[in-house]
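> Okay, here's what each chain looks like letter by letter:
Number of protein chains: 2
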Amino acid sequence: MSLIVQKFGGSSVADAESIKRVAKRIVETRKAGNQVVVAVSAMGDTTDDLIDLAHQVAPLPDPREMDMLLTTGERISMALLAMAIKSMGHDARSFTGSQAGMITDARHGAARIVDVTPVRVQEALDEGAIAIVAGFQGFNRDSRDITTLGRGGSDTTAVALAAALGAEVCEIYTDVDGVFTADPRVVKKAHKISRVTSEEMLELAAAGAKVLHIRAVEFARRHGVTLHVRSSFSPNEGTWVVTPTEGEVMEEPIITGVAGDLSEAKITVVGVPDTPGMAADIFTIVAETGANIDMIVQNVSAAATSRTDISFTLPKTDGEKVMTALRAAQPGLGFESLAYDDQIGKLSVVGGGMRTSAGVSAQLFTALKDAGINMEMISTSEIRISVVMRADILHHALQIVHTAFGLDGEAEAVVYAGTGR
Amino acid sequence: MSLIVQKFGGSSVADAESIKRVAKRIVETRKAGNQVVVAVSAMGDTTDDLIDLAHQVAPLPDPREMDMLLTTGERISMALLAMAIKSMGHDARSFTGSQAGMITDARHGAARIVDVTPVRVQEALDEGAIAIVAGFQGFNRDSRDITTLGRGGSDTTAVALAAALGAEVCEIYTDVDGVFTADPRVVKKAHKISRVTSEEMLELAAAGAKVLHIRAVEFARRHGVTLHVRSSFSPNEGTWVVTPTEGEVMEEPIITGVAGDLSEAKITVVGVPDTPGMAADIFTIVAETGANIDMIVQNVSAAATSRTDISFTLPKTDGEKVMTALRAAQPGLGFESLAYDDQIGKLSVVGGGMRTSAGVSAQLFTALKDAGINMEMISTSEIRISVVMRADILHHALQIVHTAFGLDGEAEAVVYAGTGR
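Same order as they appear, the protein sequences are chains A and B.
Going letter by letter, the first sequence gives residues 1 to 421 in full-length UniProt numbering.
Going letter by letter, the second sequence gives residues 1 to 421 in full-length UniProt numbering.
A couple of the hints might just be wrong.
Just a few of them, taken from the derived set where beta-carbon distance is under 8 Å, the chain A residues facing chain B [what the hints assert, rightly or not]:
| # | residue |
| --- | --- |
| 1 | ILE76 |
| 2 | SER87 |
| 3 | GLY89 |
Using C-beta positions, here's what the derived DEER-type ranges look like [stated by the list, open to error]:
| # | chain 1 | residue 1 | chain 2 | residue 2 | range |
| --- | --- | --- | --- | --- | --- |
| 4 | A | ASP15 | B | ALA328 | 47 to 55 Å |
| 5 | B | ASP49 | A | ASN236 | 32 to 40 Å |
| 6 | B | PRO59 | A | ILE293 | 38 to 46 Å |
| 7 | A | GLU28 | B | ALA106 | 46 to 54 Å |
| 8 | A | GLU28 | B | ARG144 | 28 to 36 Å |
| 9 | B | ALA287 | A | VAL114 | 51 to 59 Å |
| 10 | A | ASP15 | B | VAL114 | 31 to 39 Å |
| 11 | B | THR317 | A | MET1 | 32 to 40 Å |
| 12 | A | PRO331 | B | ASP49 | 35 to 43 Å |
| 13 | B | ASP91 | A | ILE293 | 54 to 62 Å |
| 14 | B | GLY334 | A | GLU28 | 46 to 54 Å |
| 15 | B | ARG144 | A | MET1 | 43 to 51 Å |
In silico contact screen, one side only, chain B against chain A (beta carbon under 7 Å); selected entries [to be verified]:
| # | residue |
| --- | --- |
| 16 | ALA16 |
| 17 | SER18 |
| 18 | ILE19 |
| 19 | ALA54 |
| 20 | VAL57 |
| 21 | PRO61 |
| 22 | MET68 |
| 23 | ALA79 |
| 24 | LEU80 |
| 25 | ALA84 |
| 26 | SER87 |
Everything labelled a hint here was simulated from the structure, so no lab data went into it.
Ideal Cβ placement from N, Cα and C applies to all residues, glycine included.
Modelling step: build the complete structure from the supplied sequences, incorporating the hints.
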């Protein structure tokens with residue numbers, strides 16, 4: 001008997017009808033002879049509604065109480081899901097993060113999993129029941145308080161349970177058929193990828209592919225959990241995300257997919273004195289704000305002035321606090337000015353085969369040049385090349401590049417109703 | 001420093017504005033130099049909405065999962081209340097029933113409190129924080145599952161905490177000024193009672209007074225907890241519900257108040273063979289349905305037939321299941337027929353002074369006779385007389401009796417907006 005962990009997001013359990021549909025899907029997996037553990041998100045917009053409510057009673061809600069509040073969301077969906085399954089004649093039991101042994105550190109709102117002890121989940125499985133676990137939440141042993149894992153938390157819950165229970169596969173249900181060579185809402189001829197390495201998936205997620213949360217992919221890679229990203233609206237196979245074991249050789253395509261990201265902004269620190277350690281000073285100040293920096297480019301110093309410009313990209317949501325911190329540090333650092341630009345788009349091409357294939361950068365840059373698209377920043381990893389351009393041209397560039405690398409499918413991709421995630 | 005337990009019901013925390021108002025009230029109590037523990041219900045109609053949702057996914061929701069679902073209601077309100085208090089600059093910490101040590105038996109949906117170990121609540125108080133506890137919920141040690149206490153559960157949570165923590169008083173906040181000599185929405189000249197014994201309050205609650213739940217009053221009486229029923233909309237003193245200690249003599253008014261109840265129905269078992277043990281057989285069958293029987297009247301047997309009629313009252317909500325059970329037992333019991341009447345009203349007069357004053361029954365019966373009101377059933381306790389009549393005449397009878405016993409106040413009672421409870 002195989003053990004399968006299934007994760008259903010908020011759009012899959014948005015109302016009573018959806019919950020019954022998901023329950024049926026879970027029961028089918030059970031009837032096929034598998035043990036089933038389910039990680040479930042809060043229904044539809046529940047989490048956002050609760051956040052709104054919190055801000056109505058307190059301008060800066062206490063983080064401990066915020067977690068107490070938000071964790072009700074998954075508790076509602078998991079209880080309803082368990083009821084629905086039971087009323088179909090199958091045994092099911094729901095567990096909060098705490099009951100399922102999701103032990104975290106004490107960082108309310110963004111807790112990290114430090115241990116997973118799913119004793120009660122295992123007991124339920126041993127007794128033949130389907131276990132439904134609240135995604136996104138955990139428990140800190142020292143404070144005895146409830147915590148939440150932050151965005152992408154439910155994916156991470158599912159993967160952590162799959163690792164702790166030794167599941168054969170962790171199925172991530174979503175409203176698209178799997179991972180695509182590009183966002184099918186932007187690139188019409190994007191096609192589903194049937195198999196991708198966790199390393200490539202990590203780069204795709206980091207580059208803006210929304211289908212899987214980067215944190216869950218990283219957890220899966222570290223613990224060797226196989227993911228299967230698939231649609232909750234169809235029985236089709238989705239995308240398998242696999243982690244080759246040491247020594248295992250996989251034939252990887254040169255380019256797996258392209259991804260676009262409009263969520264970042266660019267900050268340029270203009271006229272930085274070109275003295276040793278100045279970049280370190282700047283990025284220490286940035287790090288202290290807790291912001292996640294993505295790309296960094298330092299222009300060559302203009303010899304005449306001994307001054308240089310440093311640009312970096314970061315999530316728009318972190319923009320204000322970083323600008324504020326840098327402005328406060330301006331007298332000490334002695335730079336000339338700051339520029340903030342939130343009209344940028346980032347295009348990335350990802351593929352494990354890049355390691356052994358020369359000329360991918362040249363091919364990308366040529367395709368963009370031929371289309372008259374100007375590149376503002378470039379950064380590369382072993383299996384990814386990212387380029388920053390104007391935001392309004394990103395979608396067009398994604399189409400161009402998708403075609404240039406021969407990724408276009410035969411037909412247009414099917415996009416289901418729903419709002420991504 | 002005194003310890004005060006305060007209980008706020010669902011209508012007191014129905015929206016963000018109400019929550020902020022309640023938070024302010026709690027903070028005032030804290031600033032007056034008291035330690036404060038708060039038991040809070042779910043916001044407004046949350047519980048009913050969750051029950052609806054459950055019935056949409058499962059016709060007969062699993063009781064364990066129902067409790068998992070419903071307990072989110074108080075968790076939302078307690079977290080919001082704690083946030084609101086913190087944002088006013090006072091320390092506050094919310095606790096679930098489980099965290100607050102409300103240990104119950106395993107009867108999901110109607111659990112009984114078996115132990116209260118509020119260690120974390122006491123810790124919070126010791127550290128100067130206000131403790132906010134979810135009403136209505138507990139935890140079963142054997143199954144490690146979440147339970148709910150059933151209707152009136154939040155009042156009971158408050159009283160149980162007050163008993164366990166040795167609170168000076170347990171304040172029950174409601175949308176009326178306290179306990180009245182009659183329902184002020186029915187009897188315009190009803191006036192607030194400033195002091196009532198827990199025994200009288202118990203009879204009033206059993207007789208239909210909605211302001212306090214009978215279970216909470218009983219818990220308070222057993223543990224000597226003083227209750228103060230008061231309005232969350234005004235700073236006025238409300239009604240003190242006290243339990244005189246052994247030997248303490250209290251001057252009690254002959255009549256404390258009158259109460260009406262339209263929630264009951266009457267079942268008559270017609271033509272019961274007048275043989276020994278027949279009543280026992282009937283009420284064994286009724287008891288097996290779990291219904292709560294109130295009054296029982298057996299008519300004198302008509303000598304010619306050796307048959308008798310037995311009537312009893314019970315909550316309308318239990319009517320159908322009891323009728324079904326009796327119909328099934330008709331062949332065995334050999335009675336002639338069953339009659340169901342849900343158009344009855346029960347009027348009760350309650351007063352501790354009845355014990356030592358003769359003639360109260362006579363006074364009541366005379367008042368009703370003078371008004372042309374027919375009595376269908378009568379039952380009495382040491383400090384209560386209840387009379388069943390036609391439902392449509394109950395409100396008129398309450399006015400008559402309130403006046404007859406000299407309870408009318410000088411002015412009309414103020415009734416706040418709101419729906420009772």
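> Does each hint fit the structure? Answer for all of them.
We went through each hint and held it up to the structure:
no., hint, verdict
1, ILE76, "5 Å, holds"
2, SER87, "4 Å, holds"
3, GLY89, "11 Å, violated"
4, A:ASP15 with B:ALA328: 47 to 55 Å, "39 Å, violated"
5, B:ASP49 with A:ASN236: 32 to 40 Å, "36 Å, holds"
6, B:PRO59 with A:ILE293: 38 to 46 Å, "54 Å, violated"
7, A:GLU28 with B:ALA106: 46 to 54 Å, "32 Å, violated"
8, A:GLU28 with B:ARG144: 28 to 36 Å, "30 Å, holds"
9, B:ALA287 with A:VAL114: 51 to 59 Å, "53 Å, holds"
10, A:ASP15 with B:VAL114: 31 to 39 Å, "38 Å, holds"
11, B:THR317 with A:MET1: 32 to 40 Å, "45 Å, violated"
12, A:PRO331 with B:ASP49: 35 to 43 Å, "56 Å, violated"
13, B:ASP91 with A:ILE293: 54 to 62 Å, "36 Å, violated"
14, B:GLY334 with A:GLU28: 46 to 54 Å, "53 Å, holds"
15, B:ARG144 with A:MET1: 43 to 51 Å, "26 Å, violated"
16, ALA16, "4 Å, holds"
17, SER18, "10 Å, violated"
18, ILE19, "5 Å, holds"
19, ALA54, "6 Å, holds"
20, VAL57, "4 Å, holds"
21, PRO61, "5 Å, holds"
22, MET68, "4 Å, holds"
23, ALA79, "4 Å, holds"
24, LEU80, "5 Å, holds"
25, ALA84, "4 Å, holds"
26, SER87, "4 Å, holds"
In the structure shown, a violation is registered for the earlier hints numbered 3, 4, 6, 7, 11, 12, 13, 15 and 17, in ascending order.
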